[in-house]
Each structure stands twice: as structure tokens, then as C-alpha cells.
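Generate coordinates for the entire structure from the input sequences, incorporating the hints supplied.
What follows is each chain in one-letter form.
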Amino acid sequence: MKKTLPWILFLWIALVIWGAFKYAPLAEGFIGDSSRILFFHVPMAWGAFVGFIAAGIWSARYLFGNRDPRHDRAALASIEVGLIFCILATVSGAIWAKVMWGTYWNWDPRQVWITVAILFYGAYLALRSAVQDRQTRRRLAAAYAILGLVVAPFLFFILPRMTGFTLHPEPVVNQQGKMEMNPQILHVLLLGSSGFTVLFFWIHNLRCRLEDLAESAMFPSQGAHNDR
Amino acid sequence: MALQSPVSLSFQGLYRNFGRLAVLRDISGSVSAGEILLVTGANGSGKSTLLKCLAGLLAPDLGSIKYWEVGQEFTTAERRLRLGYAAPDLSFYDELTAEENLDFFARMRRCPTQRPRELLDRVDLPGGRMGHALSSGMRQRLRWCWALLHRPRLLLLDEPFQNLDEPGCRAATQLLEEHLANGAAVVANPGALDLPYVTRHLNLDN
Amino acid sequence: MALQSPVSLSFQGLYRNFGRLAVLRDISGSVSAGEILLVTGANGSGKSTLLKCLAGLLAPDLGSIKYWEVGQEFTTAERRLRLGYAAPDLSFYDELTAEENLDFFARMRRCPTQRPRELLDRVDLPGGRMGHALSSGMRQRLRWCWALLHRPRLLLLDEPFQNLDEPGCRAATQLLEEHLANGAAVVANPGALDLPYVTRHLNLDN
Amino acid sequence: MSQDISIWTTEALAVFAKEWRCELRTGYALNTLGLFAITTLVVMSISLGHLGIASTEPTTVLPVLLWILLLFAVSAGLPRAFVFEEESQTAIALRLSARPSSLFCGKLAYSFSVVLALEIIVTPLFLTLMHLKIETMPVLLFALVAGGYGLAAGGTLVAAIIAQARSSTTLFSVLALPVLLPLLVLAIEITRSAVAGDPAPIASRQLLLYDGSVTIAGLLLFPAVWNP
Amino acid sequence: MSQDISIWTTEALAVFAKEWRCELRTGYALNTLGLFAITTLVVMSISLGHLGIASTEPTTVLPVLLWILLLFAVSAGLPRAFVFEEESQTAIALRLSARPSSLFCGKLAYSFSVVLALEIIVTPLFLTLMHLKIETMPVLLFALVAGGYGLAAGGTLVAAIIAQARSSTTLFSVLALPVLLPLLVLAIEITRSAVAGDPAPIASRQLLLYDGSVTIAGLLLFPAVWNP
Ligand code: HEM
Ligand SMILES: Nc1ncnc2c1ncn2[C@@H]1O[C@H](COP(=O)(O)OP(=O)(O)OP(=O)(O)O)[C@@H](O)[C@H]1O
Ligand SMILES: Nc1ncnc2c1ncn2[C@@H]1O[C@H](COP(=O)(O)OP(=O)(O)OP(=O)(O)O)[C@@H](O)[C@H]1O
Ligand SMILES: [Mg+2]
Ligand SMILES: [Mg+2]
Numbered sequence: 001m002k003k004t005l006p007w008i009l010f011l012w013i014a015l016v017i018w019g020a021f022k023y024a025p026l027a028e029g030f031i032g033d034s035s036r037i038l039f040f041h042v043p044m045a046w047g048a049f050v051g052f053i054a055a056g057i058w059s060a061r062y063l064f065g066n067r068d069p070r071h072d073r074a075a076l077a078s079i080e081v082g083l084i085f086c087i088l089a090t091v092s093g094a095i096w097a098k099v100m101w102g103t104y105w106n107w108d109p110r111q112v113w114i115t116v117a118i119l120f121y122g123a124y125l126a127l128r129s130a131v132q133d134r135q136t137r138r139r140l141a142a143a144y145a146i147l148g149l150v151v152a153p154f155l156f157f158i159l160p161r162m163t164g165f166t167l168h169p170e171p172v173v174n175q176q177g178k179m180e181m182n183p184q185i186l187h188v189l190l191l192g193s194s195g196f197t198v199l200f201f202w203i204h205n206l207r208c209r210l211e212d213l214a215e216s217a218m219f220p221s222q223g224a225h226n227d228r
Numbered sequence: 001m002a003l004q005s006p007v008s009l010s011f012q013g014l015y016r017n018f019g020r021l022a023v024l025r026d027i028s029g030s031v032s033a034g035e036i037l038l039v040t041g042a043n044g045s046g047k048s049t050l051l052k053c054l055a056g057l058l059a060p061d062l063g064s065i066k067y068w069e070v071g072q073e074f075t076t077a078e079r080r081l082r083l084g085y086a087a088p089d090l091s092f093y094d095e096l097t098a099e100e101n102l103d104f105f106a107r108m109r110r111c112p113t114q115r116p117r118e119l120l121d122r123v124d125l126p127g128g129r130m131g132h133a134l135s136s137g138m139r140q141r142l143r144w145c146w147a148l149l150h151r152p153r154l155l156l157l158d159e160p161f162q163n164l165d166e167p168g169c170r171a172a173t174q175l176l177e178e179h180l181a182n183g184a185a186v187v188a189n190p191g192a193l194d195l196p197y198v199t200r201h202l203n204l205d206n
Numbered sequence: 001m002a003l004q005s006p007v008s009l010s011f012q013g014l015y016r017n018f019g020r021l022a023v024l025r026d027i028s029g030s031v032s033a034g035e036i037l038l039v040t041g042a043n044g045s046g047k048s049t050l051l052k053c054l055a056g057l058l059a060p061d062l063g064s065i066k067y068w069e070v071g072q073e074f075t076t077a078e079r080r081l082r083l084g085y086a087a088p089d090l091s092f093y094d095e096l097t098a099e100e101n102l103d104f105f106a107r108m109r110r111c112p113t114q115r116p117r118e119l120l121d122r123v124d125l126p127g128g129r130m131g132h133a134l135s136s137g138m139r140q141r142l143r144w145c146w147a148l149l150h151r152p153r154l155l156l157l158d159e160p161f162q163n164l165d166e167p168g169c170r171a172a173t174q175l176l177e178e179h180l181a182n183g184a185a186v187v188a189n190p191g192a193l194d195l196p197y198v199t200r201h202l203n204l205d206n
Numbered sequence: 001m002s003q004d005i006s007i008w009t010t011e012a013l014a015v016f017a018k019e020w021r022c023e024l025r026t027g028y029a030l031n032t033l034g035l036f037a038i039t040t041l042v043v044m045s046i047s048l049g050h051l052g053i054a055s056t057e058p059t060t061v062l063p064v065l066l067w068i069l070l071l072f073a074v075s076a077g078l079p080r081a082f083v084f085e086e087e088s089q090t091a092i093a094l095r096l097s098a099r100p101s102s103l104f105c106g107k108l109a110y111s112f113s114v115v116l117a118l119e120i121i122v123t124p125l126f127l128t129l130m131h132l133k134i135e136t137m138p139v140l141l142f143a144l145v146a147g148g149y150g151l152a153a154g155g156t157l158v159a160a161i162i163a164q165a166r167s168s169t170t171l172f173s174v175l176a177l178p179v180l181l182p183l184l185v186l187a188i189e190i191t192r193s194a195v196a197g198d199p200a201p202i203a204s205r206q207l208l209l210y211d212g213s214v215t216i217a218g219l220l221l222f223p224a225v226w227n228p
Numbered sequence: 001m002s003q004d005i006s007i008w009t010t011e012a013l014a015v016f017a018k019e020w021r022c023e024l025r026t027g028y029a030l031n032t033l034g035l036f037a038i039t040t041l042v043v044m045s046i047s048l049g050h051l052g053i054a055s056t057e058p059t060t061v062l063p064v065l066l067w068i069l070l071l072f073a074v075s076a077g078l079p080r081a082f083v084f085e086e087e088s089q090t091a092i093a094l095r096l097s098a099r100p101s102s103l104f105c106g107k108l109a110y111s112f113s114v115v116l117a118l119e120i121i122v123t124p125l126f127l128t129l130m131h132l133k134i135e136t137m138p139v140l141l142f143a144l145v146a147g148g149y150g151l152a153a154g155g156t157l158v159a160a161i162i163a164q165a166r167s168s169t170t171l172f173s174v175l176a177l178p179v180l181l182p183l184l185v186l187a188i189e190i191t192r193s194a195v196a197g198d199p200a201p202i203a204s205r206q207l208l209l210y211d212g213s214v215t216i217a218g219l220l221l222f223p224a225v226w227n228p
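Residue numbers (this note's numbering), protein chains in the order written: chain S, 1 to 228; chain V, 1 to 206; chain P, 1 to 206; chain E, 1 to 228; chain U, 1 to 228.
Derived by calculation from the structure, the hints in this document are not laboratory data. Some hints here could point you the wrong way.
As the list claims (entries may be wrong) - Computed Cβ-Cβ distance ranges for the label pairs, DEER-style:
hint	chain 1	residue 1	chain 2	residue 2	range
1	E	Trp8	P	Pro196	54 to 62 Å
2	V	Pro126	P	Glu166	30 to 38 Å
3	S	Arg70	E	Leu141	45 to 53 Å
Note that the Cβ used here is the ideal one computed from N, Cα and C, for glycine as well.
Next comes the structure, spelled out in C-alpha cells:
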């Protein structure tokens, strides 16, 4: 499994790339081929959201469970990877915005709220670096990440849809609950989103294993210690 | 484990590191009603750290702490609220007088309203002095009052006699003696004082 | 007034009130090289307040404090920088190690660069421990080092032996003895310890 | 059970009363918070004078300014709720004698009352200085109460986190602003509706949702944050 | 005399070095200050987005915002200079070993360097995010350096005053704002000239005058404030 997963993932993403350029038709209302960035932009944003939610869940398992440091490391790793996904979604969106709206950045609500999300999880990292004792650091960071479970849905879903005027396209599933999308585009989008979700967990898993190794190298006798 | 004794505390295999510094390593001990567990050791040997772990103010990395009262076992969160603790790093509100400070905690702990006054008289502390205006000996007296406010069954005392003058020491020793009638105590650094009933020793040097 | 003695401090008719509370009332005394002035009194009698006034950390309401070194008289501002002071309310930087703390103050006081290391060795304090991680006894050792850093002629010590273990007390007493070879000291609350050369007493009870 | 609740209420009330007693004795929080808000108000009106905004588009601009003002005042004042206890080391005594949930509620009630007091000082002043007319007063009151509550709840929880981190007010702003921003924008929306005369703005539902989830998160997280 | 000056320089440098060492050790302050500035930037942009100012009148509005931003950042970070020493009781040790004038200069140098660091983070970001073009760069640099120095000097002096008052950082803002307000207006004027392309704005003389008088006031007042 460990050996085959990367290959499956490789093929999966390759299929998404192929689909993005060869299978899916161009969407209406977009300049040139620019709509194809959709197949990376949306899965990346989705991956970031999944990462933040996963971080919240791992933190909850750490805080309300038996305080196993591995859960905390998993939360940290998914925030790190999630932040990268989030930044990539923003950058791809900004490039797209340059083509569509003529400027990289114009404080569109979507851009604002994704920036706030980046700031929130950046603050998570700042909090970690501000606490010296390891137990305290894990506890506080976990609490903040769980607070993220409340804040993130607001930032990703609720607020961008309700505040002010936006140039950003309607969500796939719009407010009336209807899907207005070419089925082929939808296929690639779903394939991409699921592929990026798996990609996220694969990178995340690598990161966690690396951290576990570093930890056991630094505190050889402590592998099994819990914080309680 | 002396289940029917009025109170009993036992801890087993406690470990606590600060970063890479191993402070507590496999520390065990126990104490029950009428006993004092005297914790000794050089400066920096971990006496205060141990008392903080027992009080639930610091989580040990490993090891278990068990606390019973009259046959009933209590969790860490409950133990924290039931014991009495006095240590140099215990402070009170600067903007409240000594008596108001005690009154506030008495309300939090649901003690009879005359209890603060009673204790202040015992240690001879002017109740109307503001928190920030207390001298170091007065502060120490206030710590004693605070620790005994809710008549705890277990007392954890770190440097309990520091800063106290002669009458202060006498009052404190007497309070401790009364407490031991059916309570237990863990004491670190009692200074040059003779303690009544020292029945157990735990040395942290190695 | 022993003008040619290596050092001499004398204070006359000191008064200090806090609000309506008269803490110091007409306190006088003096001390010169080789002597200890032992300040005694019950808790809250004003020992720490007196030492703060002498150190220039608190201005007395009334009264004069005179300070000479080898026949030269110094102002309050100069005295403040020349004397050595150790008291429970003296703290150091949490983010610096013990040695970095001393190094910083050594630079401010223009002492030789090996002086901090030397003192740390004398009191047997691990120099690499961070300020916030020091145990209470270690903190007290650091206070001693800090007070002696610039080889002051006058030492003001409030509760100088509190929190120290056996070896700590011995090291501190020895440092004090060496200081007294040609310096003076004012000591409050030395605890149960025998002090070398106690030659003057000042009792603040009334 | 009902006895539990009465005990819990007594404790929360004791904390609330203690906070106000300290407050009235020193007058820090209120005096300084009020003065802070007023000074900022002056800075703002000076810059507005430079801008000449006040005259052009009052209805969209001024609600934003009002809430930014409140936000900064709160982030200057609220952290004290817990930072103060940690710094003066009274936290130990509190930790050993108060149940976390009643402590949190007491502190929250105190913070909320301070925010309300601040709003009572600032809002009338702001409205008169800026010549802003409110069409539907109840909507404005709702915005002030629900928005103020959200500020207090989010701020109190984050204050509890940074107090443990033994950290500065700067870290407070870094952690709290991303949490409070969604709330802020919702409150601004509702205030705008109040100015425009809309009797039942849609953002109210979201604001209540936000308040509710932050309260629940606070009650769940606080015990874990507060105790080691 | 010349020996006096060299001693004095050594002491001031020792203070400066100590501050930076503590700062870098805890790691939070600078990171956090940067994150704080960015967060505030986002808060402001959101309001700007709502206002739609950025597009209409950039040259008059943006300099005001830049300086308000710096002001908030400074009032969040600077008070630590002295309040911190009083609260952690290290002030006693300092009072007994440092001469007030060199202490003040060391602290001032430190504050100034923090403000400069902050400006280096914030200004380029602000200029690019807000699409603001500067015509005469040297004038902007002058405004940043001289204005930043004024913020640091005024802030340090007020911090020393309130540290003695056993008070919160909120009080700092209250005292500091009126002191810093004239400075702010001057710095805004000069920044506007830089945007407009005026090579030698008249406000420069006043700004230098202000800086000079605050420095002298600080040197004179500080010893009296610092020692009982
Ligand atoms: C920096 C600029 C941008 C950012 C930060 C951004 C952010 C996002 C995010 C976070 C999502 C996922 C929303 C979700 O998971 O529900 C998303 C979806 C999407 N974006 Fe963007 N975007 C940007 C620019 C653009 C541009 C310029 C376009 C096209 C004109 C665009 C088209 C879309 C589409 C079609 C979707 C999928 C619809 C949806 O589910 O909401 N985006 N964007
Ligand atoms: N927060 C902390 N971070 C890192 N190390 C710490 C911390 N607290 C204590 N230590 C270290 O743990 C050791 C034990 O400290 P502790 O305060 O328990 O000693 P102690 O036995 O009470 O000594 P003393 O008699 O001096 O009070 C010391 O070496 C101290 O440096
Ligand atoms: N800042 C202050 N404001 C008001 N009163 C004060 C202040 N500082 C001290 N006092 C009062 O002054 C008196 C003397 O205090 P001081 O600390 O000097 O006593 P002390 O002799 O050192 O006592 P101890 O042996 O307990 O240390 C005490 O009654 C105290 O309450
Ligand atoms: Mg100890
Ligand atoms: Mg004293």
C-alpha cells in the first residue's frame, strides 16, 4: 500500500491534468483558456479547507483525548500543508484575476476572506512559537485550532457569499441549490477535488512521519510518553 | 490503600521534564491522615515541581496520582479544588484588601462567611491592608489563611514558614497541628522549624 | 564621622509614611567598614522599607542619609549605583540565562568580564539556566551574585538566606565574610543563621 | 442539578463582582478604554476631515469606522481579563478554587459589561460628532448588543489563550483579529441596515449563529486551556 | 569628558543589545509585530473595500491610513519597553545599575530600530497592495525615518511615565496619542508631498523641530520620572 499509493496518486493527478486540458470544454464567459485553471484552483481551495478541518479534528482528539503528542503533530502538519494549499489557491486565483479582472488583487470578498484564513492559521504558528513549554504549547495551539472549526466555515463559505458585491463566480452549487455546470467540467472538478484531497493526506502523512522521527531522535526515551 | 482513612494521597512513578532537563524521575510516595510527608532535597532538586504536580498545577509527563477522601476517589480536577496549597508563587489581588481577598475565595469555595475573619485573627493579620501594601511576612500569613479557608483534608506547603517572625511561626505551626488531627500534609523546605508528626521522608537528591 | 574609613553610611531621623500609616518614625543608625548593622523587628515593622530608603529606591519623607567612601561623600544618585542590594523583590530577565543576566549588568557596571563566571562558580549556580526556569534557591543565589558583581563597599541584604539550602547558606556566608574585610553591610531577616561580626543592632518594633 | 446551577451562578457572580470591585477601585479599564476610544475618535475625525468623506458617503463609511473603533478599543482593553491574572500570579489561587466554566462565564459577563459600557459612551458621541442619522433604532441596538457580545466572547477566549502563553498584547491582536473579523463585518452590515432603515437584516441570523458557536467553543475549550 | 561619553555609549549599547537579545530569544515580538501589521492592514483594506476609497482618492487617503496603521502597531508594541521592566520587577536591578540617561538612550535606540523594522515590513506591502505610486522616494524615506523616530521617542517617554503608574497598556495609548498626534499630521503631510512629487515639503522643518524637542524633553524628564 505504502509503495503503490504514490503511483495511484501520480496517475490520478495526471488524469486530472489530462482532463483539464483535453476532456473538459472551455467554460462560457471566461477569457481564452483561462477557465482551465479552475481544475486546480478549486481543488486546492478545497484541499486547504479539508486540511483546516482535519487539523481541528486532530486537535480535538489531542485536547479531549489522551493528549497523545502525535495527534498534535498531525494537527500541526495539516495546518502547514493546508496553509500551502491555501496560498496556492490564492496565487492561482490572483493569476486568474489578472486575466479576468485586469488586476492581481482588488480586495474582492473572496480574496479578503481567504487572506483572513491565512492570517488565522499564520497566527496559529505564531502562537506556537510564542510558548516555550511543550505541553502548554500543544494545549493552547490545539484550542486555537479547534476554534478554527468555528471560524473556517465562516471564512470559506458563509461570508464570501453574503457580504457585499463580488466579481467571483457563483459557487458550483448556488444558493438555489441547483447545479449549473457542464457535466464534463463537473467530472474533472470532482476528480480533481478528490485527487487533491488524497494528495493532501499523502503529503500530510509524509510530514507526520518525518516529525515523529525527529521527535524520537531528540527524545529517544520518550516515544511513548503522554502529556497526562 | 487505606481506603477508609479520612484522606489519602499516593503517587507512583512520576516523571517530569522541562525541555531536555529531567527534573522528576520515577518519584513515588504516599501520605494519609495525621501524617506529614517531608520533601527534602538541594536547591533545584524538584521539590516545588513535585508539589505543583500534586496540586494539579503542572501535568507530570508520566505517572499516576491518586487521591481519596473517606473511601471515595477523586479526579485531578476535583483534587485541585479540594486541597490546600501554599507556595511562594501564590499571590493575591493587589487592589483588594486582605479580607476582601479571602472573602472572594470563600465565596468561590462556598465556606461560611465568618471563616476569613476567623483565620485572619488566628494569624494576626490586619484584614484591612491592601494586597499590594502587605509586607512579605503578611503575605505569607495570607497564604496560610487562603490554604486553610475551606478546611481541606490535604495541605501542600512549599516553604511555609519563610518570612514569618516568631509569633507568625508559632501560629502557623499550631494551624498545621490542628489540620493534622484528621488531615494530611506534604511539606517542602520547612526551614529550621521542628514539625509536629513528621512521619515520612522523601528525598529528591540523587 | 569616620571620614577616612573605606566606607561609612549613616542615617538620621528617617520618617516614612504610606498614606496614613506611619512605618518609619525617627529611625537613625550608622554602619562602617567591617561592621554589620542587623535590622530586626516583627513582620511589617518596616525593615524592607528602611532598606529601600537606604538603597535610594524609596525617598524618605524626612531625614537624611549620608554615604562616604574613603573620605568622599556621594549623592543619592551615586550611592544608588555604588551599593549592592539583595531583596526578595529583586528579579532578573526571564528570557536571558543566569549568566547572560549577570553579563548584562556587568557591562552596565563596567566590571571585568570574568567576574560573572567567577561568582556563579562561587555560589554553584548553573549559568546556562534561563531566568524563568530558576528554582527559588537558584534565584536567591543569582541575587547574591548580582549584589556582589561590582565589589560594592556597602551591601544591603533583605532576607539574604531565604530559600537557600545548606551549601548555599555556607557559600553566601563566606561571601559576606569576605565582603566585610573592607566593606559594610545592613542585614534584615537573616533567618536562623549566625552572622559573622554582627556589631550593631537596630530594632524597629515599638 | 438545579443546586449545581445555583452554585455555578454564585461562583460566576462572585467573579463578576470581584472584577468590578477591582475595576472601580483602580478605574483602569473603563477610564482608559473610554479615553482610548475618544482619542481614536479624534484621530479619525481629523483624518476624515482630511478626506472629506464624512460628507460624501456617510451611510456606508461611518458604520465601518464605528466598528473599527470599537474593535481597537476592545483589543487594547480586553486581554487584561486574563493576562492580568497570570502576570500578577493570582491565576494559581483562582485555578485552585474556581471551576473553569463558572470562571469563564464570570469573566465573559464582566467583559461583556465593559464592552457595553464602552458602547454606551462611544456610540452617542460618534453619532453626534459624525452627524449620522439612524432610521431603525432597534436594529442598531441589536447590532450593538449582539456584536458587542461576540467581541467580548471571542476576546475573552483568546485572552485566556495568550495569558497562558505569557505573551504580549501584540500577540493578542494577531490571534484575536482574524477571529473577530467575521463578526465585525456582520455587525457592520447590520449597522448599515439600521442606517438605511431595513427592519430585519439577513446578517442577523449569521451574527447570532456566530455568537452561539463562539460561546459553545468557549465553554468547551476554556477548561482545557485554563488547566494544565 | 570624552571618557564619560565612551562609558555612556557602552552602557546605552549594552541596553540596546540586551533588548534585542530578549526580543530574538522569545521570537514572538518581531514576528508578531509583522503579523500584527499585516492583520491591521487587512482590517483596513476590508473597510476600504467596503468604502471603495482606494479607487477614488488614493493620494490623499492612503498616507493617512499608512500612518494610522503604524501608530496602532507602535502603540501595541512599544509600551513593553518600560512597562515590562516594571511588571517583571527587573526595574529595581536596572535602577541600581544603570545611569538614567544611558538607559533612556538605549531604550530609545531599541524602540527606533523596532519602528524601522516595522516600517520596512509594512511600507512596501502597503504601497503594492494599495497600488500607491511614490514620486519622490527620498522624501518618503525622510518621512519614514524622521516620523518613525518621533513615534519611537514620544512612545518611549510616555512608556516610561506610565510604567511608573502601575498601569495597563491602554493607558499608554491614552497618553501617547495626544503626544504623537502632531507628529502624525506632519508625517502625513510629508508623505503626501512624496506622493505628489514635491521635492522639499515645508512640514519637514516642523517635523525635525518636533523630533528634537521630544528628544530633549525625554533626556531631561526621564531621570526625574525613573528615579524616586
Ligand atoms: C486571488 C483571487 C481568488 C481567490 C482567493 C479565490 C478563492 C477561491 C476559493 C477559496 C474557492 C473555493 C470556494 C469553496 O470551496 O467553496 C474558489 C472557488 C472558485 N473560484 Fe476562486 N478565487 C480567486 C479568484 C478567482 C477568479 C479570478 C475566478 C474566475 C473568474 C475564480 C473562479 C472560481 C470558481 C469558478 C470557483 C468554483 C466555484 C465555487 O465553488 O465557489 N476565482 N475560489
Ligand atoms: N518552568 C521551568 N522551565 C524549565 N526548567 C524549570 C522550570 N521550573 C523549574 N525548572 C527547573 O527544574 C528544577 C527544579 O526546580 P524546583 O523549583 O522544583 O526546585 P526546588 O527543589 O523547589 O528548589 P528550591 O529549593 O530552590 O526551591 C530546577 O533545576 C529548575 O531550574
Ligand atoms: N507600598 C506600600 N503601601 C502601603 N503600605 C505599605 C507599602 N509597603 C509596605 N507597606 C506597609 O509598611 C509596613 C512595613 O512594611 P515592610 O515591608 O517594610 O515590613 P518588613 O519589616 O519588611 O516586614 P517583613 O518581615 O514581613 O518583611 C507594613 O505594615 C506594610 O503593610
Ligand atoms: Mg522551590
Ligand atoms: Mg520585608
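Going through the hints against the structure:
| no. | hint | in the structure |
| --- | --- | --- |
| 1 | Trp8(E) x Pro196(P): 54 to 62 Å | holds, 59 Å |
| 2 | Pro126(V) x Glu166(P): 30 to 38 Å | holds, 35 Å |
| 3 | Arg70(S) x Leu141(E): 45 to 53 Å | holds, 49 Å |
In this structure, none of the earlier numbered hints is contradicted; all agree with it.
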